[in-house]
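Asker: Sequence:
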Amino acid sequence: MNKKPCAKQLWFCLTGCVFGTILVGVLLMLLLWYLLYRFQVVSIDPIDLRLPFLVIVPVSILIGTSITLLVGRLIIRPIKSITHAFDRLSKGDFSVRVPTDSRINEMQETSERFNAMAFDLSHIETLRNDFVVNVSHEFKTPIAAIEGYATLLQDKNLSTERQDYYLDKIIANSRRLSDLSSNVLALSKLENQETVLHRTEYRLDEQLRRAVLLLERKWTAKELEFDIRLPNLRFYGNEPLLDQVWLNILDNAIKHSPEGGVIRVGLQSDDRSVTVSIADDGDGMTEEVQKHIFEKFYQGDRSHSDEGNGLGLALVKRIVELCHGSVQVESAPGEGACFRVTLPVEEEL
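Residue numbering for the sequence shown is 3 to 351, as defined by the working numbering.
You may find that some hints are simply not true.
[As the list claims (entries may be wrong)] Using C-beta positions, here's what the derived DEER-type ranges look like:
{"id": "1", "residue 1": "T102", "residue 2": "R201", "range": "57 to 67 angstroms"}
{"id": "2", "residue 1": "N159", "residue 2": "G262", "range": "31 to 41 angstroms"}
{"id": "3", "residue 1": "N159", "residue 2": "G336", "range": "22 to 32 angstroms"}
{"id": "4", "residue 1": "R211", "residue 2": "T162", "range": "13 to 23 angstroms"}
[To be verified] DSBU-like cross-link-like pairs, simulated, lysine-lysine; straight-line CA separation at most 30 angstroms:
{"id": "5", "residue 1": "K220", "residue 2": "K171"}
{"id": "6", "residue 1": "K171", "residue 2": "K158"}
{"id": "7", "residue 1": "K257", "residue 2": "K142"}
{"id": "8", "residue 1": "K293", "residue 2": "K257"}
{"id": "9", "residue 1": "K224", "residue 2": "K82"}
{"id": "10", "residue 1": "K142", "residue 2": "K293"}
{"id": "11", "residue 1": "K82", "residue 2": "K142"}
Read the hints as simulated data drawn from the structure, not as lab findings.
Beta carbons: idealized from backbone N, C-alpha and C, even for Gly.
Sequences are here, hints too, so could you generate the full structure?
Answerer: What follows is the structure, given as structure tokens:
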């Protein structure tokens, strides 16, 4: 296996090349002068120039070598700094940074890009750690609840009503675990996906109506009403993915709506985009909550934490981004919330 030269070896090679180049240049100059003298182009004998040349040669070599060493240091030092920084980065130290004061533009740009990469990696690592902690917590809570209710069921003196109550709690937490697992897997898959495939043309208004009907058990339990204004509209997109968008937003609206409240579902379109709006008249959100509402595991209203896992709106945002659309929320405390999803209109190929 061939051993590649290190930076210091390259530095000495560069110095040697410059040294040799200067020496060869001086010798060629002497040879040229000698030829000119032989052909009587010049009248000064090269022997008479021996002393000046003997002075010029070492001075030239000294100056050339000094310049080479200086330039070499300017190049080698930032390279070695970045090499050491990469070693620390590979060991998990994402706080490492390299100086960006190099006088060479290319080295300065390399250092700046390294620092930007290290910053991005540190941010990703923080998100990953937070994600692991949150997933662990979210799994631990329903598992602990299932274990607790199962332990209580071992009491042979329990009434039938209490047994049914504990069984309902176990079933509910089992569903919560199942939903959490499905959402984590779906979000992981979507985060590693760059484009939406398997698009078809379908009725978007009918899809929204089906989503409302699929959640009938939840909204009838709270005696909610729907104000639905959906004109006929054909849309070209991935129907299963967008099903998740509407179901998650509607489920969120139902969860935060008061008893007997109204949920408004609207649909508008033009030549370039379609906009779906889903609004409720719940407690609304502060500006701080709105900033984080689409983050994984974030739940602004902890009173509903047992009804979800904080991944629904993160899924919504990722799916909409893959569809090259946008999702926005308008809300204020006590004034409910309105989610607007805008998707570009694309024709079938």
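Asker: Hints numbered earlier in the text: which of these fail when held up against the supplied structure?
Answerer: 1, 3, 4, 9 and 11
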